[in-house]
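Engineer: With the working numbering, the residue at position 189 of the sequence shown is 288, and numbering never jumps.
Hints in this document: simulated from the structure, not taken from any laboratory.
It should be emphasised that the depicted structure is a prediction, and the values quoted were computed from it without experimental measurement.
Be aware that a few hints might be false.
[Stated by the list, open to error] Subject to a maximum C-alpha distance of 30 angstroms in a straight line, what follows is the list of computed BS3-like cross-link-like pairs (lysine-lysine): (1) K352 <-> K103; (2) K103 <-> K143; (3) K213 <-> K278; (4) K352 <-> K143.
[As the list claims (entries may be wrong)] Per label pair, the in silico range of CB-to-CB distance: (5) D207 <-> T151: 12 to 20 angstroms; (6) G149 <-> R340: 42 to 50 angstroms; (7) V297 <-> K143: 28 to 36 angstroms; (8) H223 <-> K143: 23 to 31 angstroms; (9) A146 <-> Q359: 18 to 26 angstroms.
Positions of the beta carbon are idealized from the N, C-alpha and C atoms, including for glycine.
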Amino acid sequence: MGQKLPLPEQVRITAAAGYDAIEPWIRDIEQYVQSGGSLADLRKQIADAGLTVESAIGFANWIVDDDDQRRAGLEQLRRDMDLVRQIGGARIAAPPAGASRPESPQLDLFAAAKRYRAALEIGHEIGVTPQAEVWGHSRNLSRLGETVFVAVESGHPDACILPDIYHIYRGGSDFAGLKLLSGAAVHVFHVNDYPTDVPRAELNDALRVYPGDGDAPLTEIVSSLRATGFQGVLSLELFNRELWQQDPLEVAKRGLESVQRMISLA
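All chains should be modelled from the sequences, with the hints used to inform the complete structure.
Structural biologist: Structure follows, in structure tokens:
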């Protein structure tokens, strides 16, 4: 992210590094379009590179209490989903954006579940599934159990969650909870690692490191995912500022190697 590469260059690097798929950010897709890019051309580039678009990262305010903000957030989510659809994608992250600051009100989880259902209904219409995302730093949906609750109580057949190694730890959940999930309920799993010599509450995105370079119980995590029957996608997600100073292709290659080593642990 810090290298600010245009999206076509991100696609090229992803393919050159040996990945199977890409998870672009909505803002990068929007910037590509605003600069005159064609989504049809981007879709072809991705396919020609042998990649798929397994998910995308967006921040629509679909979960908030304020009715006007939520309606605007759902419309934004609809637009974001349509961008993802046009480049061949089938999923989008649905974090609790807009309800994450310390001063944000604590949401009623049953209400959040109804709002997630509304997002899922839009997604079903468009053909792109929103994934309820665990956000460990957030005032809401910071814990694995809260996010699972919202997905279950949505009562929608497309409901699913988007876990993240860093966020599960940051939010205070135990990785043992992964064993209670169905593999079919997790389409994408964000992988990374974190240090434990920093107090949990003081961790931030910039401290994420390659899997294996931190203290996460990766063997337990991989074993738990296998036990659930998980057949989804592992997506490497890092925001470490030191990596932004390095060659992006080398960063991508090393990242893939770290994920492959993680998979081999169990």
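Engineer: Each hint should be assessed against the structure and marked as holding or not.
Structural biologist: Hint by hint, here is what the structure shows:
no., hint, verdict
1, K352 <-> K103, "18 angstroms, holds"
2, K103 <-> K143, "22 angstroms, holds"
3, K213 <-> K278, "26 angstroms, holds"
4, K352 <-> K143, "23 angstroms, holds"
5, D207 <-> T151: 12 to 20 angstroms, "37 angstroms, violated"
6, G149 <-> R340: 42 to 50 angstroms, "31 angstroms, violated"
7, V297 <-> K143: 28 to 36 angstroms, "44 angstroms, violated"
8, H223 <-> K143: 23 to 31 angstroms, "26 angstroms, holds"
9, A146 <-> Q359: 18 to 26 angstroms, "24 angstroms, holds"
Hint compliance for this structure: hints 5, 6, 7 are not met, and every other hint is.
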